[in-house]
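Engineer: Whenever a hint applies, use it, and build me the whole structure from the sequences.
Those sequence lines, one after another, are chains Z and U. Going left to right, the first sequence walks through residues 0 to 220 as numbering that gives the first Met the number 0 numbers them. Going left to right, the second sequence walks through residues 0 to 657 as numbering that gives the first Met the number 0 numbers them.
Everything labelled a hint here was simulated from the structure, so no lab data went into it. Take the hints with a grain of salt, since some may be wrong.
What the hints assert, rightly or not - Below, simulated BS3-like cross-link-like pairs (lysine-lysine); rule was C-alpha separation at most 30 Å, straight line:
1. Z/Lys152 / U/Lys420
2. Z/Lys71 / U/Lys76
3. U/Lys375 / U/Lys420
4. Z/Lys198 / U/Lys128
5. Z/Lys71 / U/Lys87
6. Z/Lys152 / U/Lys529
7. U/Lys375 / Z/Lys71
8. U/Lys87 / Z/Lys198
Here the structure is a predicted model, which means the values were calculated and not measured.
Okay, here's what each chain looks like letter by letter:
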Amino acid sequence: MLGLKKFLFRSSAQAHLPDDVRASLDLWRASKAPPLDDVHFQTRYVVVDIVSSGTNPENDRLLGIAACAVWKGAIQPDDTFYVDFSTLDGEGSTVDRELMAFLLFAAKAPLVTYHVPYVGGFLQRAFKERLGVDFQPQWIDLAWLLPSMFDDKGDSIMPMDHWIDVFGLDAGGGRRDAMANTLLLARIFQMMTVRSVSKQIDTAAHLLAESRASSFLRRTH
Amino acid sequence: MTTQQQAGQEKEQAVGQVEMSLRQDGRARMASNTQAFLRNHAPFNKMQPDALQLFADKAKIVFYAAGSEIVGPDSGKVRYFYLIESGKVQARQAGEVTVTEYSILSLGAGESFPIGAVTAGRPSTNVYKAVEDTFCYQLPAEDFLVLLASSPEFNLFCTRYIASLLDQSRCQLQLQFAQRASEQQTLNSPLVGIGSRTPITVSPETPLRAALETMSRAGVGSLVIAGEDRKAVGVFTRTDLLDRVVLAELPLSAPVNQAMSPLPFMLAEHATAYDAMYAMATHGIRHVLVTDAEGKLTGVVSERDLFSLQRVGLRQIRQSIDGAHNVEALQQAAADVRQLAFNMLAQGVGAEQLTQFISALNDALTRRVIQLNLEKHNFDGIEWGWLAFGSEGRDEQTFSTDQDNGIVFVPPVGATVDALKQRFLAYALDVNNDLDRCGFPLCKGNIMASNPQWCLTLDEWKDQFATWIRTPQPDALLNATIFFDFRALYGKAELADAMRRHLLSLTASSPMFLRAMAKNALDVEPPLGKIRDFLTDLEPGKPGKIDLKKYGSRIFVDVARIYAMASGVHNTNSIQRLRLAAQRLSIRSDEIDAVLEGLNFIQLLRLQHQYLEGEPGTQGDNLIDPDTLNELDRRILKESFRQARKIQTRLKLDYQVQ
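Structural biologist: Written out as structure tokens, the structure reads:
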């Protein structure tokens with residue numbers, strides 16, 4: 000019954016999609032996720048941050064996505080992504096296309112962010128409502144991982160600015176835009192992968208396991 | 000292919016195009032993030048927008064944990080140009096174990112590497128290692144080469160690293176001083192801020208004798224005659240003394256108002272300096288009284304006050320020096336020299352020209368003091384010369400240079416050397432004291448012509464030089480660093496020439512002496528840290544400071560002296576010595592240019608420091624706190640010290656000093 004509902008929901012959401020989006024979606028669904036057992040250097044991670052109208056993924060609006068890829072040991076300027084929905088007012092097929100474009104960009108790579116319930120929550124709802132996609136990527140949550148990787152620098156969940164301070168990163172004055180935030184997260188992620196290797200966490204799979212374990216442990220203990 | 004399939008493909012492209020365009024948006028955002036960093040660092044802040052865009056579009060961001068190697072000879076042909084965003088990188092020369100100590104340097108935010116290797120497309124000769132957690136922008140070599148070809152600023156930076164930074168520093172300095180200069184008065188400023196605020200006044204009934212005593216005590220040439228209501232009724236000047244007192248045979252008991260010039264020219268406080276200058280020119284007067292709204296005296300503006308408002312000119316100073324008839328007039332000229340030097344510093348004149356200029360005017364001043372004292376001492380028929388030593392001898396005077404001088408003379412046949420020497424000593428004592436009054440402090444080490452040790456006959460000087468060279472004891476070597484930089488300032492220049500020829504013939508045949516000098520010169524190293532940028536604790540009791548003379552300019556000066564003696568260069572100026580010696584010893588000219596730029600920058604910093612921190616009339620020091628320098632100047636200073644280390648290394652190899 001539940002499966003049927005899900006199926007119906009998806010097909011109804013998909014029904015209004017433009018043909019090209021639907022075709023891309025089919026291709027994306029059929030595509031294989033990259034392997035997770037390569038070393039960090041060989042793995043393409045996508046660091047992502049969002050802009051929203053509030054903090055509640057159920058009611059507030061997703062206004063933008065900023066993402067950049069980290070692989071071959073570098074933040075790659077030609078592998079970045081930025082979309083701003085705020086001016087579109089949820090307008091029709093443009094949003095669908097742009098969301099679809101993000102799926103193509105991310106290409107099922109493991110996603111890195113700070114505080115998955117927030118970022119993931121907004122993305123999940125948007126993809127469900129617009130594209131009928133149950134968006135369940137491989138999340139790496141720095142909010143949980145950092146205290147476990149850098150227990151010498153902070154041992155509990157802390158605001159991202161704490162880590163920016165701890166690592167002495169130059170966050171610039173005033174408000175940061177989403178891309179600046181993503182790039183800061185990407186730098187922190189680069190530092191963290193170096194640290195993780197010294198703890199024998201040297202592949203994406205290990206990192207994902209550690210991310211889940213750390214969030215589970217902290218939530219339950 | 001069916002039409003349906005074709006349509007599917009076209010539509011698919013639509014999403015693909017959107018993805019492409021959103022990727023471009025992402026790249027543009029990242030590039031603007033990178034540009035924000037570039038804009039704060041030389042040379043990028045001077046580069047054209049399209050060049051910056053190219054860099055920002057292509058630069059990746061990479062992280063190196065403390066302790067990891069970034070690039071080295073083993074990495075093969077260099078593939079990236081690195082710009083440090085944060086952290087610290089140590090460069091260490093690979094191989095050549097004997098000189099490694101000399102070739103470690105540390106790079107910080109805004110600095111880049113390995114410029115030479117990436118330009119030449121060869122492996123790096125240095126090992127670059129992160130000593131702190133470090134982020135770098137990493138520009139692929141092919142994009143680096145495009146940038147090198149398309150951006151003249153970037154090209155200059157890569158090919159003439161230190162020179163391009165210096166240019167920028169000079170511009171910054173000009174900006175900084177332009178602000179100061181505009182705060183300074185101009186001919187448009189109101190008289191309220193110009194000239195003396197406390198003019199010497201006496202009442203009209205004051206007897207002439209008392210008025211003259213007041214003038215003499217205060218050391219002024221004029222008096223304002225004012226009533227108790229502080230309204231001026233007249234002016235009394237030295238000219239009046241001659242015309243209206245002496246020639247008019249007025250008794251000194253007469254009241255001053257009988258001798259004064261009545262109805263003095265007055266201007267209100269809000270009138271401008273230009274008004275005052277115009278009044279002086281049209282009325283042929285030298286003073287203008289300044290009054291408030293009620294007509295009460297508030298100040299006096301003299302011709303000299305206005306003169307110093309205009310950028311004091313070299314020619315005027317020369318004239319006032321050459322025309323001076325006493326030490327007082329020379330004291331004023333010395334103050335003018337200082338003011339002019341400041342203005343030149345503000346206009347961004349380089350250290351080489353500035354120090355030579357200060358030396359030229361100081362020479363003129365000193366010569367005038369020497370001449371004035373000859374009026375009381377007569378050495379007609381005797382060959383003699385006044386010698387300048389040390390920085391004065393090298394034409395490298397800064398604002399705070401004490402006296403280093405001596406006398407050379409040739410006793411006429413039949414004259415007693417001792418009696419003649421006593422006469423020269425008495426004369427030299429007067430000169431030394433007068434120079435002191437003109438702002439050249441007496442030498443603490445008593446290296447002065449009034450010291451019998453340094454008032455010698457030509458033969459005695461030659462013997463003295465020979466003794467030092469034959470027995471290079473520590474004292475002799477120290478003396479060599481002062482006395483071998485001599486120059487004739489007054490009198491028979493041939494005597495100094497004879498001393499020089501003698502000296503060079505001695506040193507040419509004494510390799511042991513030069514080697515001892517080289518060893519001595521290598522005792523002090525530039526204060527470059529292996530991890531920190533600078534070592535700031537070398538001077539006991541002065542934590543956080545670097546002595547720019549001891550650990551900076553002196554290193555260059557010492558090396559220049561040795562190479563000059565080794566290659567028979569007659570000049571005493573370090574820059575000329577290095578240039579000429581480099582030619583004779585076939586040192587590459589771009590190499591020596593970089594060294595000279597380093598020396599010039601250190602000299603410029605010393606001058607700035609002495610001007611900014613030194614109060615007029617007090618001795619400025621050479622101690623700077625590198626943390627107070629702006630980022631650009633810190634980088635240039637670091638590079639300048641590297642140049643010092645480079646010529647030391649060369650000296651070390653040339654003289655086989657271990």
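Engineer: Does each hint fit the structure? Answer for all of them.
Structural biologist: Going through the hints against the structure:
1. Z/Lys152 / U/Lys420: violated (77 Å)
2. Z/Lys71 / U/Lys76: holds (18 Å)
3. U/Lys375 / U/Lys420: The hint holds at about 16 Å.
4. Z/Lys198 / U/Lys128: Judged against 30 Å, a Cα distance of about 22 Å means the pair holds.
5. Z/Lys71 / U/Lys87: Roughly 22 Å separates the two Cα atoms, so the pair holds.
6. Z/Lys152 / U/Lys529: The hint holds at about 27 Å.
7. U/Lys375 / Z/Lys71: violated (85 Å)
8. U/Lys87 / Z/Lys198: holds (25 Å)
Going through the hint list in order, the structure does not satisfy hints 1 and 7.
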